[in-house]
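**Student:** With the UniProt record's numbering applied, the sequence shown corresponds to residues 1 to 439, in that order.
Mixed in with the good hints there might be a few duds.
[Stated by the list, open to error] In silico DSBU-like pairs for lysine-lysine, Cα to Cα no more than 30 Å straight-line: (1) K341 - K229; (2) K344 - K376; (3) K289 - K422; (4) K391 - K376; (5) K422 - K438; (6) K391 - K438; (7) K91 - K112; (8) K391 - K229; (9) K229 - K253; (10) K289 - K341; (11) K254 - K112; (12) K344 - K293; (13) K150 - K139; (14) K293 - K341; (15) K391 - K221; (16) K253 - K289; (17) K293 - K391; (18) K136 - K112; (19) K139 - K112; (20) K253 - K91.
Since the hints were made in silico from the structure, they are not lab data.
Predicted model, so just to flag it, every value in this text is computed and none were measured.
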Amino acid sequence: MYTSGTTGDPKGVVHTHGSIISGLTAMERYIDSLLPRVTQERYCAFLPLAHILEFGVVNIFLARGATVGFGSPRTLTDVTARPHGDLTEYKPRCIVAVPRVYNTLKRAVEAKLPAEGTVRRHVFDTAYQSRLAALKEGKETPYWNEKVFKQARAALGGRFEFLLSGGGPLAASTQEFVNVVFGYLVGGWGLTETICVGAIQRTGDLTPGAVGQVLEMEELKLIDTEEYKHTDQPHPRGELCLRGPFLFKGYYKKPELTAEAIDAEGWFHTGDIGSIDNDGRVSVIGRIKALAKNCLGEYIALEALEAIYANHPLVLNNCACVVVNPDRRYIAVICVAAETKVRKFVAAHPEGFPPAAVDGTMPIAELIALPELCAKAAASMAEMGREARRKPFELPHDVRFVLEEWTPENGVLTAAMKLKRKAISERFARQIEEMFVKE
């Protein structure tokens, strides 16, 4: 298997039959605890099999005797595929996806909600808050599930019993929305080097940003870094280290990197910064390589912020990248513009825009470059950050839009749908430089 290559070239990860079986067994026991085995079980895989999470889950369901079908993120629902989407066709018992997919589902449902102030919207809002309160008390809401949320769940096949998110941080707003509208969502954390073993939530755990407790067969500890210490309050923080029979044997033809990653006592230094609360619940703060320092010496977890700002309605397909300049105290965001929504936004907020922008005659390339649009988008994203209780230096002061969609095919995303920061910084160097001109 290969790592995703978000910060450089992918690394070959050497596993043995024993390490793979150990990792899959730990995952299998967790899935068995949630899904008792039945006949004629189905699973729909739509992440690349190069993604260790999908690789693991596919093998587990094959071992359970299930029928495994293969789809695509672009043909999951009836909206994007005819006559049926992949999930409608296969009707899987569980759905495994990355945060980008859940963000897209959330925005698709929100786009079809009745207008504010209508009776139907009042019913939805009432059902939403009622179910959220019930979930926090460990209760179910069969009435609301049937009367209000049934249609949304039918779009995902209608038979799933839980959803699993892995491969990156999930925004708290998305986590809550998916739990309420679709059903139980559990978040997990693992790596290619560990066959996905790391931590996973228990059903009913609504703690935002958490990835749950450890699985069987593993040891976990924190080691201090420059910024994060085991003495931190209210919870100890540091680099997450794992040990167990599921660990890889080394990086292919890279003995120096292997020696850096696995110490003499057999601990794998994951490169992820995390914390552990009093219930043994792990939360991932970010990758060490995805932590950036501003001119004030504050560390900024890029992925955690991107999970928030990628949900902005003007951003296409959750394609947003937070950028930091070590000589500036503020952050900025470069993102792909959702053309239709940008035009609607300008028409609905015409103040300060030229007439051609408001009436829709201005070419989209000129429209997204308008300082007025960038300023309003930055202010709107900053408000999202404040609602998510982010610190002042984590709020964007500037935004730049681009038109080219980010995909694995054009080299901006990895096969696992993660940002390639080096590619983004090189391809959009001019736009990034513009955002950090001011002091």
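**Student:** Look at each hint and say if it fits the structure.
**Tutor:** Now for the hints, and whether the structure bears them out:
Straight-line distance between C-alpha atoms of K341 and K229 comes to about 43 Å, which puts the hinted pair past the 30 Å bound. Of the supplied pair hints, the one linking K344 and K376 holds, its CA atoms being roughly 14 Å apart against a limit of 30 Å. A hinted pair counts as satisfied when its Cα atoms are at most 30 Å apart, and K289 with K422 qualifies at roughly 12 Å. Among the hinted pairs, K391 with K376 is consistent with the structure: their alpha-carbon atoms are about 20 Å apart, no more than 30 Å.
Proximity of K422 to K438 is assessed by CA-CA distance (about 23 Å); at most 30 Å being required, the pair is judged to hold. Proximity of K391 to K438 is assessed by CA-CA distance (about 20 Å); at most 30 Å being required, the pair is judged to hold. A distance of roughly 23 Å separates the Cα atoms of K91 and K112; the hinted pair therefore holds under the 30 Å criterion. For the hint pairing K391 with K229, the CA-to-CA distance comes to about 20 Å; that is within 30 Å, so the pair holds.
Restraint check for K229 and K253: not satisfied, since their Cα atoms lie roughly 33 Å apart, outside the 30 Å limit. Between the alpha carbons of K289 and K341 the distance comes to roughly 33 Å, so the proposed pair goes past 30 Å and is violated. Between the alpha carbons of K254 and K112 the distance comes to roughly 50 Å, so the proposed pair goes past 30 Å and is violated. Between K344 and K293, the direct Cα distance comes to roughly 36 Å. Violation of the 30 Å bound is thereby established for this hinted pair.
Restraint check for K150 and K139: satisfied, since their Cα atoms lie roughly 18 Å apart, inside the 30 Å limit. At roughly 33 Å between alpha-carbon atoms, K293 and K341 are farther apart than 30 Å, so this suggested pair is violated. With a C-alpha separation of about 28 Å, the suggested pair K391 and K221 falls inside the 30 Å cut-off, and the hint holds. Between the alpha carbons of K253 and K289 the distance comes to roughly 22 Å, so the proposed pair stays at or under 30 Å and holds.
Proposed proximity of K293 and K391 is supported: the alpha carbons are some 14 Å apart, at most 30 Å. Between K136 and K112, the direct Cα distance comes to roughly 26 Å. Compliance with the 30 Å bound is thereby established for this hinted pair. Proximity of K139 to K112 is assessed by CA-CA distance (about 27 Å); at most 30 Å being required, the pair is judged to hold. For the hint pairing K253 with K91, the CA-to-CA distance comes to about 42 Å; that exceeds 30 Å, so the pair is violated.
In this structure, the hints that do not hold are numbers 1, 9, 10, 11, 12, 14 and 20, in rising order.
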